[in-house]
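Chain order of the listed sequences is A and B. Quick note on the working numbering: the first sequence kicks off at 1 and runs consecutively. Quick note on the working numbering: the second sequence kicks off at 1 and runs consecutively.
Careful, some of the hints might be misleading.
[Stated by the list, open to error] Taking beta-carbon pairs under 10 Å as the criterion, some of the chain B residues facing chain A (in silico): (1) Y25; (2) F35; (3) P41; (4) G43; (5) L45; (6) R50; (7) G62; (8) Y64; (9) F68; (10) V85; (11) S107; (12) G108.
None of these hints come from the bench; they were simulated from the model. Remember, it's a predicted structure, so these values are computed and weren't measured experimentally. The beta carbon of each residue, even a glycine, is placed where N, CA and C say it ideally should be.
In case you want the letters, here they are:
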Amino acid sequence: DAGVIQSPRHEVTEMGQEVTLRCKPISGHDYLFWYRQTMMRGLELLIYFNNNVPIDDSGMPEDRFSAKMPNASFSTLKIQPSEPRDSAVYFCASTTLNGGELFFGEGSRLTVL
Amino acid sequence: AQKVTQAQTEISVVEKEDVTLDCVYETRDTTYYLFWYKQPPSGELVFLIRRNSFDEQNEISGRYSWNFQKSTSSFNFTITASQVVDSAVYFCALSEVYSSYKLIFGSGTRLLVRP
C-alpha cells in the first residue's frame, strides 16, 4: 500500500514567491495533519483536518499560510508570499483512529532565498 | 496544556552500550496517548510505539523497551546493546484524546552511537 505522498520533495524559491505543497494521505484515513520542522522550533503542528474539515489551525503562523483539503485524497499547504524564515521541512501525516499512530510522508524541504 | 519535555538534547554512546532516553509530559487529561518516533538521518519519521494512559505495563520489543510511569509523568525509552544504526533523533509525543486530538512533540534527543 502506498504511504502518505508529498510533493515536491525539495523546493527552492525566492522571497515573495508563492509556494504550494501537496499531500495525498493514505486511502481511508480521515485525519490529515500538517507539521513544520525547523532547528529552532522542532516539530510544530500547523493545522489538522478531520473528514476534510479544518479542526484546528491555531498553529498556522500567520495569514500568509493557508491550507485546504478539497477532498479525502488531497490537501495543499500554501505560503504566499514566502519569506526566508519559512524555510523548513514540512511534513504531512494521516491516520484513521483518534489517538492512533500518525503515518508521515517523507516531507517537503522548502528553502526560501 | 499539553507539553512534552526531552531534557537530553544529545547523547553519545559507544556501540553495545545501553542508553535511556528520557521523556516527561504534562497533561490535564486522564485519557491520552504517548508515542515515540525515530527520525534517522534520511529524514523520515518512523513510528516506534504508542501507549495509552490506562496501560502502565512496560513494553519490550527486541532491543527496545519502554517504561511508562504515570506517577512521575514519564515515558522513557531504553535501547539495549545499541548499534550504529540506532543513530537518529528520537521524539516523544503526546496526544490528548478528548480535549483535542493533536500530537504534540518534544524537542527530540539526538543519539549518536559510535562504533
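Results for each hint:
A hinted interface residue such as B/Y25 counts as satisfied when its beta carbon comes closer than 10 Å to some beta carbon of chain A; here the least separation is about 14 Å, so the hint is violated. Taken as an interface hint, B/F35 checks out: its beta carbon lies about 7 Å from the nearest beta carbon of chain A, inside 10 Å. Hint on B/P41 is violated. Least Cβ distance to chain A is approximately 13 Å, over the 10 Å limit. Interface restraint check for B/G43: the shortest CB-CB distance to chain A comes to about 6 Å, inside 10 Å, so the restraint holds.
Below 10 Å, beta-carbon pairs count as interface contacts, and B/L45 has one with chain A at about 4 Å; its hint therefore holds. The restraint placing B/R50 at the interface with chain A holds, with a minimum CB-CB distance near 6 Å, inside the 10 Å limit. Annotation: B/G62 was flagged as interfacial toward chain A, and the flag is violated, the nearest CB pair being 18 Å apart, outside 10 Å. Nearest Cβ of chain A to the Cβ of B/Y64: about 16 Å, over the 10 Å cut. The hint is violated.
For the restraint placing B/F68 at the interface with chain A, the shortest Cβ-Cβ distance is roughly 15 Å, beyond the 10 Å limit, so the hint is violated. This hint is violated: B/V85 has a C-beta 19 Å from the nearest C-beta of chain A, more than the 10 Å allowed. Interface hint status for B/S107: upheld, as the beta-carbon distance to the closest one in chain A is roughly 5 Å, under 10 Å. A distance limit of 10 Å between C-beta atoms decides the matter here; for B/G108 the minimum to chain A is near 6 Å, and the interface restraint holds.
Hint check: violations occur at hints 1, 3, 7, 8, 9 and 10; the rest are consistent with the structure.
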